[in-house]
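Protein chains: 2
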Amino acid sequence: MRIFVFGGDGFCGWPTALHLSKSGHDVTIVDNLSRREIDAKLGLQSLTPITELQERIAAWRELTGRIIHFEHLDIAREAPRLDTLVANGKPDAVVHFAEQRAAPYSMRGPDEKRYTVDNNISGTHNLLVALTQHSPDTHLVHLGTMGVYGYSGNGFSIPEGYLDVAVTDDHGQPQSREILFPTKPGSVYHMTKSLDQLLFQFYAQNDALKITDLHQGIVWGTQTKETKLDPRLINRFDYDGEYGTVLNRFLVEAAIGHPLTVHGTGGQTRAFIHIRDTVRCIELAVGSPPQRGEKVKILNQVAETLTIIDLARLVSDRTGAEIAHVPNPRAEAAENELVVSNETFLALGLDPTLLDSALLEGTIALSKRHSDRVDLSMIPARSAWNRERQKQIFENPQAAAA
Amino acid sequence: MRIFVFGGDGFCGWPTALHLSKSGHDVTIVDNLSRREIDAKLGLQSLTPITELQERIAAWRELTGRIIHFEHLDIAREAPRLDTLVANGKPDAVVHFAEQRAAPYSMRGPDEKRYTVDNNISGTHNLLVALTQHSPDTHLVHLGTMGVYGYSGNGFSIPEGYLDVAVTDDHGQPQSREILFPTKPGSVYHMTKSLDQLLFQFYAQNDALKITDLHQGIVWGTQTKETKLDPRLINRFDYDGEYGTVLNRFLVEAAIGHPLTVHGTGGQTRAFIHIRDTVRCIELAVGSPPQRGEKVKILNQVAETLTIIDLARLVSDRTGAEIAHVPNPRAEAAENELVVSNETFLALGLDPTLLDSALLEGTIALSKRHSDRVDLSMIPARSAWNRERQKQIFENPQAAAA
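Protein chains in written order, with my numbering: chain A, 14 to 415; chain B, 14 to 415.
Just chain A, same shape as in the assembly:
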């Protein structure tokens, strides 16, 4: 298949591009390299020393003989070039990772809130319009998040996208209706993924586009079979307060002897997936498109769920790291349940990588290997969710700790 990977230079995009190329697909990465720019702007760097995209691609060709193409293009701001690319390429599938993907970054301040909405919504919509106009048979596979639903679970599983509800009609009779599972996003980033759902619903209905939306859990780990082949292929690894995801942050903290920083009580339950399952899920999703005219196919891309404190204990038990409770910069429920259905991926053949796997040790070892690159000042969260949290945590930290 001819596949365009939008955002193919990023944390999920790069290993996905390699995995799809390895599987024999003709892969083109489309990226504006914005993630590297944000690193530069915030003074961050990946824990792992990633090479330039051109070098990565050249190394892949050298090692495997396979060519990955690259288009430097901003889909939110260069719609005409995007149209030309889609019209000329008419890809079988496009995998869409090209959105700003960090919740804390999206809550950092007015500029980041606006950038996240403008970039994610205009980019995704530009792509939908390009497909509608120039390649309506292309299958769009989009990376969404479990976080669109918020975290206020109360005893029922989160199904795969849709919910049957009973409502009472004007004659007092019960009626059943299938609706999109209602979203209640907890950050501007999550909100954009919730808006995306409505964009997809519309274009699937009005233009019969073939769309799969993957609601992914929190990714951990960094290496896949393909990125391990050569140091020049290494994947990025974020541990900082803006882009680092919770388990990867814990693993780096453990590796350098820093206490594991748990926000609040750690009673928040979240869903997790290893990066090597991410790339496998994308491949499975690409191979299983909906037909034109069908509703959006929504899959939960998760391996398991766990509370943050249990996650910290898991890491602490293996490494001896201490656990430190720090004030939570997020406006969220202190504790919640979360049960997620991932039956479609299981049925498609996914054998989930669980948290007690040997890969946990591998990630700790990788963190130790690059521990000289850790900047301790980058670990604490800097983005507060609202004025109240801002005051509590950053302006009057004594009160917050009490």
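Incorrect hints may have been included.
Repeated chains share a single entry, so a pair holds when one copy, or any two copies, can fit it.
Stated by the list, open to error - Below 25 Å or equal to it, Euclidean Cα-Cα: the simulated SDA-like pairs (lysine to any residue) are: (1) Lys197 x Gln218; (2) Lys197 x Arg305; (3) Lys381 x Pro244; (4) Lys241 x Asp385; (5) Lys197 x Gly122; (6) Lys103 x Asn399; (7) Lys308 x Phe169; (8) Lys308 x Gly163.
Just so you know, these hints were derived from the structure itself, not from any lab.
Fit chain B to the supplied structure of chain A, relying on the hints for placement.
Then chain B, alone, in the frame of chain A:
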């Protein structure tokens, strides 16, 4: 109260600005004059000869002694200036009409689809961020549309924004939940209003903004008490295939002896409201804000519902105009029910203007007075909802009529 009217030069915005000024409020119009630009670009003009905004404002001052301020500003593209305006003004309320508001225009082609999403979402989000940062006590009153829900009514009334649903939990027990009434917008324009709902939900929840979202029916009529005071204050009147709303189009057709063009069977049921009720509803909504921390207040701003064919018959009976069925460029159900609750506005004192009122004659008379300004070529719809409709209607019209 100090009130900013965003989009205050438009069809609903201008009479609202006058009405609020008349009621004693300190009104500032914020507008980028984009509606006039679109007229120029499409070669359209308002049936009524509207004056420049500066002349309108000067006439209002001359007649009433009241000053309306004007800021020429694009809220989607000039966020820093918007921030300064909000920070300096700290208005008690902002009324937000500053979105591209025509469904057919939003479906005209790729550029118009993108413009509608970029303009409406970035503009609304920029405003929410400005309020969060600089004036969190301001009450935001936004004009939404009944159309967010789609039109596939099946025996139950559309409530005011929220729906109680029953779901079955993991233990087989029923649970009740209040959710945003699920949306299923039928055009890119309607989709943007559906996205707006999620923006509002987030900012009400995360930052305790005070937000009222008005789901308005199709507006008819053009003059209010205030716009009638002087020819220089006259409101715009759109009858063309892009911006003309259905009843106003029928009234112009009747005035010039053109058959009433009904799309399809006319079995579509829609909600209607007269422009003079619009301005009254806005005033009522401004005066009845939610408190900080409350959920978004969602009101249905409609007077009554009717099928399009009944509407055509009403006009035909009064004027003798013929009825012509033309192919429907929209992808929508040929027929639907629609029952809408407008209990909040009734409770707040709205006395709805119904379609059998004398105002219907007034609008026909106004249309006749300006009938020399009618461009017949502008009446037919030009925007098809998707490829299928495009082919049926514009590329092979014989087949569509058959």
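*Which hint numbers does the structure go against, in order from smallest to largest?*
none
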